[in-house]
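J.: For reference, the chains in residue letters:
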Amino acid sequence: MLAMNYRGPYRVRVDHKPYPEILHPDDAIVRVVRSCICGSDLHLYHGMVPDTRVGMTFGHEFVGIVEEIGESVQNLKVGDRVIVPFNVSCGKCVFCKQGLYGNCHESNPEATAVGGIFGYSHTAGGYDGGQAEYVRVPYADIGPTIIPDGMDLDDAVLLTDVVPTGYQAAEMGGIKTGDTVVIFGAGPIGIMAAKCSWLFGAGRVIVIDHLEYRLDFVKKYAQCEAYNFRSLGDPVLFLKKTTGWFGADVCIDAVGCEAAGSAMQTITGRKLMLQSGAATALHWAINSVKKGGIVSVVGVYGPTGNLIPIGNFVNKGLTLRANQASVKRLLPRLIEHVMEGRLNPKEIITHRFPLEEISDAYHIFSAKLDNCIKPVLIPSVA
Amino acid sequence: MDTTTINRYAHIKGWGVDADPHNEPTYPMKNYTGDDHKRLGYKKPVAQHGKVEILKSNERPSISAVYGTSVPPSGVSGKIRRYAFKYGEGSFGHWLPLLLADRVNVWEGIISDIRKGRIPNILGELGIKSEWKYNKKGLAKKVVVAAVITTAVILLLSRKKKSLKTA
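Chains as they are written, first to last, in my numbering: chain U, 4 to 385; chain S, 261 to 427.
Since the hints were derived computationally from the structure, they do not count as laboratory data.
Hints should not be assumed to be uniformly reliable.
When the alpha-carbon atoms are kept at most 27 Å apart in a straight line, the in silico DSS-like pairs for lysine-lysine are as follows [to be verified]: (1) S:Lys273 to S:Lys298; (2) U:Lys100 to S:Lys298; (3) S:Lys304 to U:Lys100; (4) S:Lys290 to U:Lys95; (5) U:Lys100 to S:Lys303; (6) U:Lys243 to U:Lys294; (7) U:Lys80 to S:Lys304; (8) S:Lys376 to S:Lys311; (9) S:Lys376 to U:Lys274; (10) U:Lys223 to U:Lys243; (11) S:Lys389 to U:Lys274; (12) U:Lys274 to S:Lys311; (13) U:Lys80 to S:Lys303; (14) U:Lys20 to S:Lys273; (15) U:Lys349 to S:Lys393; (16) U:Lys371 to S:Lys402; (17) S:Lys290 to U:Lys319; (18) S:Lys389 to S:Lys401; (19) U:Lys371 to S:Lys389; (20) U:Lys319 to U:Lys179; (21) U:Lys222 to U:Lys244.
Let the sequences and hints guide you as you build the complete structure.
T.: Printed below as a string of structure tokens:
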């Protein structure tokens with residue numbers, strides 16, 4: 004079968020790899036019909052995530068058709084069209100039972116801080132991902148969810164990560180009716196967080212980024228305010244002024260470790276790797292939120308450490324909420340939102356590539372060429 | 261709260277008097293059951309039986325019930341990775357060797373390609389076609405910068421050689 008093959012930082016290609024095997028009675032094999040490149044795949048692609056081994060197949064956003072099932076699988080049958088959450092979750096451990104499906108304790112032997120994630124390095128369990136024609140899906144009775152009749156595959160594939168992560172970012176913000184919500188990052192997750200903030204009753208939604216084409220998009224798509232931090236001078240000062248000198252009620256970091264905007268953070272975090280990437284967005288979030296406010300983090304950071312203003316955090320009495328999205332918990336509600344038309348995820352897709360063109364797809368997304376917001380890969384077996 | 265728990269802390273005056281089960285800061289992300297206190301005492305899923313080497317975090321007693329088998333550790337990078345796993349997840353001794361292993365692994369990948377009779381198309385893998393299509397100016401700039409740096413390095417090295425010969 005054809006599958007993406009990581010060869011080193013900024014180098015990927017498509018190769019023939021062996022068809023995946025059922026390795027556990029709860030496994031299924033899924034034929035991939037849509038697969039996305041996620042912004043967080045770029046951290047792998049840029050060589051920033053430790054234990055990313057040459058030869059691995061990335062891809063944690065995919066939907067497909069069940070081809071084979073293990074002997075214990077009961078909830079799926081061959082031929083089912085399924086949304087596969089990006090987290091691998093057992094459904095039995097203490098964390099899964101409490102709805103923390105992104106924190107499963109039985110899906111990743113290589114690290115305790117993160118649950119298993121498809122195609123996301125050996126630090127996240129060493130699973131080959133869905134940027135391939137076929138993929139092994141463990142715990143097939145738990146994660147995979149049937150795609151409802153009438154749902155577009157392009158909408159379905161964005162329910163594997165983008166929509167749940169954006170939604171959970173807003174949910175973790177504990178938004179109260181009328182709150183001002185500031186979102187750092189106008190990538191797919193930031194766009195979705197902006198859109199979802201309204202669902203929680205936000206009174207004002209502001210997005211901060213530096214790419215004009217993304218700011219233009221989010222302004223229309225999420226009906227929110229959008230500002231370019233390069234033209235603001237000090238974005239924290241701007242946000243204080245525009246919120247009556249108080250700061251936002253909720254700030255969301257939807258950028259993570261590859262943020263632009265601070266030379267010091269960029270040099271120490273991204274170039275010299277003295278910290279786990281550049282924590283510029285988190286820095287701004289902490290400084291821009293009101294006293295007693297909530298900072299919600301869904302941006303991805305590495306495992307070592309980052310420079311953030313923890314003193315301000317303490318003195319302002321802030322609450323920090325963060326997690327990998329619990330996709331399985333959120334899917335029923337999100338499917339409803341999509342089917343009712345409250346969310347239209349597929350509108351953020353700007354590029355479609357055959358799987359064979361993966362090197363260019365990654366480069367276009369990484370270098371932000373051709374106004375790329377969200378690329379989707381379509382394998383020839385789709 | 262059950263009486264066993266209350267009795268366990270009976271010697272601490274005032275213990276739990278202000279406990280408020282509704283003050284769950286992780287709600288609604290977490291449907292709190294209290295099972296956290298049972299630690300690893302939950303019923304485990306059936307274990308996957310594997311044939312490949314799996315490196316295990318030293319912060320857990322055994323490997324998880326399922327795991328990925330994407331790329332087992334091998335070669336020099338594999339040795340570095342095994343070394344890294346002697347350290348805990350909070351230690352630079354764990355993560356920095358893993359990053360080093362990743363870089364060593366890139367060279368192993370190139371050597372492995374060549375051994376299999378395949379010259380890796382590095383420019384293709386870098387997505388040069390799309391760079392040419394959408395960012396000709398940027399590509400030209402990169403080429404010029406690379407050419408200048410290469411020329412400077414060559415000149416510097418040849419000067420050093422000359423000065424060594426004359427000495």
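J.: Next step is simple, just say for each hint if it's right about the structure.
T.: For each hint, the structure was consulted:
For the proposed pair Lys273 (chain S) and Lys298 (chain S), the alpha carbon gap of about 25 Å is at most 27 Å, so the pair holds. Of the pairs offered as hints, the one joining Lys100 (chain U) and Lys298 (chain S) holds, with about 13 Å between alpha carbons and a cut-off of 27 Å not exceeded. With a C-alpha separation of about 12 Å, the suggested pairing of Lys304 (chain S) with Lys100 (chain U) holds against the 27 Å cut-off. For a cut-off of 27 Å, the pair hint linking Lys290 (chain S) to Lys95 (chain U) stands: about 15 Å separates their Cα positions.
Note on Lys100 (chain U) and Lys303 (chain S): the hinted pairing holds, with a Cα-Cα distance of about 11 Å set against a maximum of 27 Å. For a cut-off of 27 Å, the pair hint linking Lys243 (chain U) to Lys294 (chain U) stands: about 12 Å separates their Cα positions. Between the alpha carbons of Lys80 (chain U) and Lys304 (chain S) the distance comes to roughly 24 Å, so the proposed pair stays at or under 27 Å and holds. This hinted pair checks out: Lys376 (chain S) and Lys311 (chain S) have alpha carbons roughly 24 Å apart, not beyond 27 Å.
Straight-line distance between C-alpha atoms of Lys376 (chain S) and Lys274 (chain U) comes to about 34 Å, which puts the hinted pair past the 27 Å bound. At most 27 Å may separate the alpha-carbon atoms for a hinted pair to count; Lys223 (chain U) and Lys243 (chain U) meet this at roughly 24 Å. In summary, the hint linking Lys389 (chain S) to Lys274 (chain U) is supported, as the alpha carbons are separated by about 26 Å, within the 27 Å threshold. Restraint check for Lys274 (chain U) and Lys311 (chain S): not satisfied, since their Cα atoms lie roughly 38 Å apart, outside the 27 Å limit.
Under the criterion of a C-alpha separation no larger than 27 Å, the hint pairing Lys80 (chain U) with Lys303 (chain S) is consistent with the structure, at around 26 Å. Between the alpha carbons of Lys20 (chain U) and Lys273 (chain S) the distance comes to roughly 64 Å, so the proposed pair goes past 27 Å and is violated. A distance of roughly 26 Å separates the Cα atoms of Lys349 (chain U) and Lys393 (chain S); the hinted pair therefore holds under the 27 Å criterion. Between Lys371 (chain U) and Lys402 (chain S), the direct Cα distance comes to roughly 16 Å. Compliance with the 27 Å bound is thereby established for this hinted pair.
For the hint pairing Lys290 (chain S) with Lys319 (chain U), the CA-to-CA distance comes to about 25 Å; that is within 27 Å, so the pair holds. With a C-alpha separation of about 16 Å, the suggested pair Lys389 (chain S) and Lys401 (chain S) falls inside the 27 Å cut-off, and the hint holds. The hinted pair formed by Lys371 (chain U) and Lys389 (chain S) meets the criterion: a straight-line CA distance of about 15 Å does not exceed 27 Å. For a cut-off of 27 Å, the pair hint linking Lys319 (chain U) to Lys179 (chain U) stands: about 19 Å separates their Cα positions.
Under the criterion of a C-alpha separation no larger than 27 Å, the hint pairing Lys222 (chain U) with Lys244 (chain U) is consistent with the structure, at around 20 Å.
In terms of the numbered hints stated before, the structure departs from hints 9, 12, 14, listed from lowest to highest.
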